[in-house]
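Got two chains here, each in a separate frame; can you build the complex from them with the hints?
Each chain is listed here by its residues.
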Amino acid sequence: MIKPLAAFVLVLAIAATAANAQTVPAPIAAPTAAPTAAPAAPTPPSNLVTYTGQLLDYRNNYVYFTSGDAFPAIELPRIIDYMTSQPTSVRPQAKMFAQATFDPATKKIIQLAITTRRLVMSQTLGPASAYVVVGSTPVPAPELVGQNVTGKQVAVVFEVTVPPTTNFTDSVFISTDSSDWNPTAIKLDRVDAYKYRALRYFASGTKFAYRVTRGTWNSVERGEDNLDTPPHQFFVREVDSLAARVTVYHWSDERGSSLGTGPNSIPTPYNPSPFGGGPGGIAVPQIPLRPTPPPGH
Amino acid sequence: MRTRALVGVLALLTLWPLSALAKPIAEIAGGSVLFYNDALAIVVRNGVTAQLANGLRISAATAYVDLRGDRAVFAGNVEIVRGTATLHADALALDFPGRKVALLRNDSGISQTDASLTALQAAPADGSAFTFPDFADGRAYIRARRAEIVSRTSIRFRPAAFPTSTGAPPVPMYLYTFAAGNGYAATALAPAAFDQPYGLVSTPNALTALHLRYIDGVGPSLGIEQNIIDNNDGFLAGSLDVPVHAAIDDGLNGYRRLGEDGTVSLGATTDDGYHQATLGFTQAIGTLVSRLNYGITNQGASSALLSLRTRDHRLFDGFTWHTSVNFGFLAQDGGVYPLAPSPAQVQTVWQKGLDVFVASPLVAGPLRTSLSATVDASRTDYSYPHNYNALETNVTGSRRLSRTMTLFFGYDTRWSADIFPNAQTIFYPPLSTDYGYAGYAIARLANIDVQYVQGPYTSVRLSYRKANDFPQVNFFAGRPPNEVHADFRIRVFPNIGFSFGRSYDFGWNGSRWVPGWNFSVFQ
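If you read the protein sequences in the order shown, they are chains A and B. Note that the first sequence covers residues 1 to 297 in the numbering used here. Note that the second sequence covers residues 298 to 820 in the numbering used here.
Looking at chain B on its own, in the form it has when it is part of the complex (with noise of 0.2 Å):
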């Protein structure tokens, strides 16, 4: 409960509206608001007004705004004002900060100011100031009546029409942010088969939005999001998930670079009365990299995982392989091995492990295919008698059918043997049942996937995966013995295209069969 109560009051801080202290760096209103997302620009037509925070207010015929610039074009009977000082224009060009304001006139060419409107001198200035790129209409992402822009980090239209999705209903506001860190999408909610967020507001470091998801065996939820970002130097994401007919889940998801060759990301997610947190480390050490993790659950377990890894080094021919060497802890309130003679006398328990990987390099095979594989092999040994071991090969393989078409193949086997040496009945007990497992498991999975590409933006991919595990777990986190899924991605309109999965497994979890679907929008 403590848990709980800690990571949702963490989430709720996170919440605090620092949004609220956004401040457009301008408004611009016209007939016409078009906005590019490929090129992050928009343009006005048919009149446009604008209102800078500095003061200037501009209005003209058209405007051309550089969203990633903070720069903006007007022209057509340029009229600039601030307080009582006044310039016309044929032409205008200005950065939103108004240190360079630049005038042309047919009749006397360019001249230039700063936002005082005073001081105007001839200049032979940039040309390049005054680019009006000659965007078409049809290809505007959003159409709007105005715009407020927050300096290199988002922009908002009132109301918004996406012209080129007809599936899109207008809506009052469209918050659409562009900073240059990622943190703003870094999330702590869980995955979903929908997720579509809808930004309410956002500053430089900031941006709070809303979620409409759907998640797949729970039904629609609604989330809220907010995210606190140093550019890419480190984010915090808070979460609030509401789904309607289940528990409602919060999360908490941070990260923040430590100098050049450290990380810090700290986790908290809370999912129907089961809690956990984690914490880790990252730091380059020359050529390797050492990773500490720290995690914590409600139901009394933690762990934390020392290891070392060295980066690919090149073997022969084009193989490579990399080791790694881990030292931790795990510990479980009333006992790590429940089944063990005393348990309560085991609540902590020390493991070393060592792992090795070699892949090979790509090769060409026989029909024109092309074949890969991997090895990856593991030891870990704990303080209470045991040890565990697996052993993994892949082998993938491609073949090009036609221009647009092509084949791909894998297979995947791993192997392990969870060991307590002299006591290996007391942990894996003989089973009455048809599963005669003892602490030896395998488990192999076939792929085979057909993919039809055709142009930038219209594929097909149609898969087929056969597990074949033992003991096979037809329940929980087990693998359907049977899976087919079909993708479908196609761009029907200019800016706006739609992606379409749909699954079956076969077998599982007492079902003939199960379907799944996700669905996503892309530009």
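Only chain A is shown next, with the shape it has when bound in the complex (with noise of 0.2 Å):
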């Protein structure tokens, strides 16, 4: 029971979502026009509702067009072939030209014309909208129009250019809001003075939020204007691969010029332990303190 309801609205969806990329508002157009230089279209019964479009799917009494709309259909309809309106024992399947007739008293599909020739779809619904279960979405996504999101595994690759002020030895992380903002969430293999790299794998459809660190949040990316930045936003489309680059201008313990400059930024004998960085990435100023002598003197 479960299996085939969680297929059945999967199945759903992606017909919906194959419609983002064809529904646009057009004039109202006869349901079926017979195209003329397209084969002769099958006699339906006299004054019944057709609609002809590319079959997505044909399933559990249920018929899914490519333009996001999905019919009813009776326990056996009818098939036939749309070139010679004989009975065929070809299964309806996706990628075929179709032509459904409606019965208006069961609002059910009772006849499939199927080929694989290419027929001009209908446009719009028309009177065939008093018989759809599911209709082409009005207000796609933003992200999601003209795709085709099925979930599959793409390859997104991080790079991230550094500022030369950043340490030889240090490491540069990946934190993102779905790692709970672990700012050592992805670790950046080095590629060369100033460039990291990582590669991950996300499904198609995720979306992200991410930034830069050092491995902390006390040192996390800042913007070109020394200003934290807002977290980027990330949205894995339907494709092999993907890259996200972004480049670090500051960092936000940087102090000075440099990650540590002043006259305590080495210990000598005098000065051992250098004052350290505050929290919160805040620049502290070169506190002086007292100076120790060194042993034996």
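Treat the hints with caution; some may be incorrect.
Unchecked claim - Not everything, but these chain A residues come out facing chain B in the computed CB check (under 8 Å):
#, residue
1, Gly-126
2, Pro-164
3, Asp-180
4, Asn-182
5, Pro-183
6, Arg-200
7, Tyr-201
8, Trp-217
9, Asp-225
10, Asn-226
11, Phe-234
Unchecked claim - A few chain A positions that, by computed beta-carbon distances, are all more than 10 Å from chain B:
#, residue
12, Asn-47
13, Leu-48
14, Gln-54
15, Asp-57
16, Arg-78
17, Ser-85
18, Arg-91
19, Gln-93
20, Asp-103
21, Val-133
22, Pro-163
23, Val-191
24, Asn-218
25, Arg-237
26, Val-239
27, Leu-242
Quick caveat, the hints were computed from the structure, so don't treat them as lab data. Ideal Cβ placement from N, Cα and C applies to all residues, glycine included.
In structure tokens, the structure reads:
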């Protein structure tokens, strides 16, 4: 019970998603318009509404078109060859073109004329809207427009360019909202002096926000104006691979030009414990400490 | 003492349990509640019941919840009830606020209503609302029986098992936060070799968490931290850290955005009797960046520094440069310079400085290497006759040995001169030891690293660092003459990986070698 239903709603979703690419406002037109160059259509029973389109699926007595529209069908609809109007043993399959004929009494498809040849498809539902169970989405989600998101694994390459002030021995990480903003969620591998890179796989359709850190939230990326930047937003499209490129202009724990300057930044016999940075990436000014005479002095 | 008390009170104030105000927008229970952290979604199988904050009660065979979108799909013999109103459907899609409830029936198609469950209307609705992704059970990060969802903030699982991590025992409760603002992760705790937060309670603007920690040289520690968040515009984090065998540390860390071009931040820490507090402002002025920092300690020291820095500008052939100027003061009770003839007369010293930084582009070197270099020169003058000069150069190179292995090398030299005109021997008296140090220092660090990367989740990095400093300080904050590091990263389960680092410092602090380690879990 569960799996068929889950599959059912999944197929509905796929059908509706596919519609995003093709649903465009258009003037009302006749539900069927026999193409002049296309093969002659079989003669449907008179006065019955028809709908022509390309098949996405036919299962569980539902017919799904690539337009995103789905219609119910009777238990055993009449399957005929579009060209000959004769019954056929060929099963309706995805990518075939079909003309559906509806029964006004049951509100279901009673005949399906199929062909592999391209037909002129119905531009709008027209009278067929009385029979549809899932219509094309009127307002598709912006990131899904024109895309068929299947959840496949997409390789996402993070490539981060760091400022020249970054210490050679530092590690660089990506922190994401889906990782609980763990500052060391994704460790990047060093490519050269200025570039770090990591590869991860995400399901298409995944959205996430991320920021670049050096392992703690006290050393997080800052913008060109040295102010905090909002997290980068990323959407995983239905492609084979994507790149998320970021340039870090400053780190929040920078002091002066580089990450550590000033009289006390180097331990000496007189000052063995340089004043460290404060929390929160605050660049702490150099506070003089009482010099400690070296041993033997 | 007053500083410590003030920091402690402020830290405790932030621990006020704002989180107790959290009210879940939905509570979902089922035979199996599976959480997928990468997609921020849960799938409930083997029967599901849900209680929404708006009064809706739903039962179904299975459910999918999009935590980022605050919406859910229920499928299989769905029943939705509110008061005396009851509806049945084969599938149900709704957003948690209940503005839009869509029902799918096999016989009559899609109809739509709202949380009142009245005025049910047939609607050729958006079919994507019924999306039910096909997640594999084996990729679930957490398996539970019950989940409480705080809108766009967190989800609490009871009890929580981690099926992809055999090393993690089931826990009675686990709180997972996924808020859009990263202020939840800000911390006032000091760094530790291991730090595993364990969320207790959260609201859309607050989080209380325990931290299980291990601090090198100190031992096990238990921290508690309270974060208060204002989206990405501000946060305040207060912490108490209770090491098992050492003094309690506490801290405060705050940040607030001031309009489009400015920020303010504050911090306070106490550590073994040493307390400090800092306050910083940053303001963008055209293409310049200004920062004003103020710091104070309980040792009678304080300082302020106003700096103005240019952005990076192109020089030629890919070279870039920037410069900064600064102005401020240093103050110390009893005198900034204890070795001065009359230290009490110099309790405040004003300073002004200039810094110039030049960076080269990445250039191709011989033997398929790439090279880059930086130079940083600075000078600071003080009102008491004194100046400090520094020149730092750095060269970094890399050579790709194979598709999976890369060699890195670097050399950093920093020369400095702390000069007291006509009084150098007062502040740096000749030493009877082999230091021979008179205010002129040079620090050199050579690195060589080999990095092996096999796929996205497996890598090994071996590092050797050789420090050759004058004077060489082999204690306190001095650098060990020789360091060896090994870092391993591997993902042994579909959603869980381990990062383990081991290091040895040789010839430092009177020991032949000093081992260190770090360990972390990544997803």
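Exclusion check [A:Arg-78 not at the chain B interface, CB over 10 Å]: holds (22 Å)
Beyond 10 Å from each Cβ of chain B, as asserted for A:Leu-242: For A:Leu-242, whose nearest Cβ neighbour in chain B is about 14 Å away, the distance exceeds 10 Å, so it holds.
Chain B contact restraint for A:Trp-217 - C-beta distance below 8 Å: Status holds, d = 5 Å.
Interface-negative label, A:Val-133 against chain B, beta-carbon threshold 10 Å: Contrary to the label, A:Val-133 does not stay out of reach of chain B, its closest Cβ about 3 Å off (not over 10 Å).
Status of the stated non-contact between A:Gln-54 and chain B (beta carbon gap over 10 Å): Holds, because the least Cβ-Cβ distance between A:Gln-54 and chain B comes to about 17 Å, which exceeds 10 Å.
Restraint outcome when A:Gly-126 is required to lie within 8 Å of chain B by C-beta distance: Where the cut-off is 8 Å and the nearest Cβ of chain B is about 13 Å from A:Gly-126, the hint is violated.
Claimed clearance of chain B by A:Asn-218, with the beta carbon kept past 10 Å: The claim is violated: A:Asn-218 sits with its nearest Cβ about 8 Å from chain B, within 10 Å.
Given as non-interface: A:Arg-91, partner chain B, CB spacing beyond 10 Å: Check passes; 22 Å lies beyond 10 Å.
Agreement of hint A:Asp-225 with chain B interface, Cβ distance less than 8 Å: holds (4 Å)
Non-interface claim for A:Asp-57, where every Cβ of chain B lies beyond 10 Å: holds (13 Å)
Assertion that A:Leu-48 lies outside the chain B interface [Cβ separation over 10 Å]: Since the minimum Cβ distance to chain B is about 20 Å, A:Leu-48 lies beyond 10 Å and the statement holds.
Closest CB of chain B to the CB of A:Val-239 still more than 10 Å away: With a cut-off of 10 Å, A:Val-239 remains clear of chain B, as the shortest Cβ separation is near 17 Å.
In the structure shown, a violation is registered for the earlier hints numbered 1, 11, 21, 22, 23 and 24, in ascending order.
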